[in-house]
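S.K.: Sequence:
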Amino acid sequence: MSSILNRVQMLLTEANKASVDISSTIVNEFGEACKEAFKKQFTDTREDKFRIRMSSIGRPLCQLQMEKSGAEAEAMPYNFKMRNLFGDLIEASAVAIMKAAGIHIEELQKHVKLKLGKHNINGAYDVKIQNKIWDIKSASPWAFDNKFSDEGGFDAILKQDTFGYVSQGYLYAKSAGTDFGGWIAINKSTGEWAVTETPLSDEKYSKDAIELARKNAEALQSNAPFKRLFEDQEETFNRKTTGNRTLGLECRFCAYKKPCWGAELQYLPQQQSKALNPKWVWYTKVDNPREENENQE
1 MSSILNRVQM LLTEANKASV DISSTIVNEF GEACKEAFKK QFTDTREDKF RIRMSSIGRP
61 LCQLQMEKSG AEAEAMPYNF KMRNLFGDLI EASAVAIMKA AGIHIEELQK HVKLKLGKHN
121 INGAYDVKIQ NKIWDIKSAS PWAFDNKFSD EGGFDAILKQ DTFGYVSQGY LYAKSAGTDF
181 GGWIAINKST GEWAVTETPL SDEKYSKDAI ELARKNAEAL QSNAPFKRLF EDQEETFNRK
241 TTGNRTLGLE CRFCAYKKPC WGAELQYLPQ QQSKALNPKW VWYTKVDNPR EENENQE
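Be aware that the sequence shown starts at 1, since it is given in our numbering, and climbs by one per residue.
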């Protein structure tokens, strides 16, 4: 078990039994972090201009090209700001709890810069602990269980890195002149913690992640032609193919799916489901629609 996770679990277990001694400095720092989180989400002025950032450059290039082109992104639901605020508050709590657990945070929210080929790229990493850079993530229950917990781990994140977490971490570490430790994740639903560490021998992963970022940055700066990186997939229902095609996971999470796929994209109830309230699916092709199945009965 990670020493970070062990210390956190010991503190939280002790806090369940009795009050724990937390310094006024930690409490005050936590209060300031909460204020800054609220200001960031509701009052800070954000630049609309597209910028290449360490936090996003590892995302799929087609998504970045769409964003840079000014394509219309999906409107965020009304609770979007609340979700972001919860994430910021959970991260602020994580820092306070780690400090209270006696974990020495060497640096916090430090701004860094790195030269990638001909281009400079900026970012700000979360924490430096044990001379390694760590990224703090508030995770959905699904992401926590399938990526950050023991059931997932580094390989699971690497395999389906829709949000560019791997490049982000290694870019932070490279810019700081040290190693990337991994992710400190908190399940936003249950409060569970996980520490997902990078492999002991991770030189190849670091090199590949930074090279991906460099290629993406170069393509964006040179206005390389747009090319969608992902294909749609054959739909299955009850383990049988339906004849319809749907978006893959990467495209479902993309805010630019509509301008990318065009008029062929449809958001419909699952066509073969007989449920009163079927789940909704992004279809790229519907050869076997719901109406036909109902008429056959």
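Derived from the structure by calculation, the hints contain no laboratory data. Accuracy of the hints is not assured; some may be wrong.
Unchecked claim - Think about it this way: if two alpha-carbon atoms lie no more than 30 angstroms apart in a straight line, the pair counts; the simulated BS3-like pairs of lysine-lysine are:
| hint | residue 1 | residue 2 |
| --- | --- | --- |
| 1 | Lys115 | Lys227 |
| 2 | Lys132 | Lys40 |
| 3 | Lys274 | Lys204 |
| 4 | Lys207 | Lys113 |
| 5 | Lys227 | Lys285 |
| 6 | Lys118 | Lys99 |
| 7 | Lys204 | Lys128 |
| 8 | Lys115 | Lys204 |
| 9 | Lys132 | Lys110 |
| 10 | Lys274 | Lys285 |
| 11 | Lys115 | Lys274 |
| 12 | Lys68 | Lys118 |
S.K.: Now, for every hint given, state plainly whether the structure supports it.
M.R.: Each hint tested on the structure:
The straight-line distance between the Cα atoms of lysine 115 and lysine 227 is roughly 26 angstroms, inside the 30 angstroms bound, and the hint therefore holds. Proximity of lysine 132 to lysine 40 is assessed by CA-CA distance (about 27 angstroms); at most 30 angstroms being required, the pair is judged to hold. As the CA atoms of lysine 274 and lysine 204 are separated by approximately 48 angstroms, the hinted pair breaks the 30 angstroms bound. Taking the CA atoms of lysine 207 and lysine 113, the gap is near 17 angstroms; set against the 30 angstroms cutoff, the hint holds.
The suggested pairing of lysine 227 with lysine 285 holds, with an alpha-carbon distance near 20 angstroms, which does not exceed 30 angstroms. About 39 angstroms separates the Cα atoms of lysine 118 and lysine 99, which puts this hinted pair outside 30 angstroms; it is violated. Of the supplied pair hints, the one linking lysine 204 and lysine 128 holds, its CA atoms being roughly 22 angstroms apart against a limit of 30 angstroms. With a CA separation close to 19 angstroms, the supplied pair lysine 115 and lysine 204 stays within the 30 angstroms bound.
The straight-line distance between the Cα atoms of lysine 132 and lysine 110 is roughly 13 angstroms, inside the 30 angstroms bound, and the hint therefore holds. For the hint pairing lysine 274 with lysine 285, the CA-to-CA distance comes to about 20 angstroms; that is within 30 angstroms, so the pair holds. Using a Cα cut-off of 30 angstroms, the hinted pair lysine 115 and lysine 274 is violated, with the two alpha carbons roughly 55 angstroms apart. With a C-alpha separation of about 19 angstroms, the suggested pairing of lysine 68 with lysine 118 holds against the 30 angstroms cut-off.
Checked against the numbered hints given earlier, this structure breaks hints 3, 6, 11; the rest are met.
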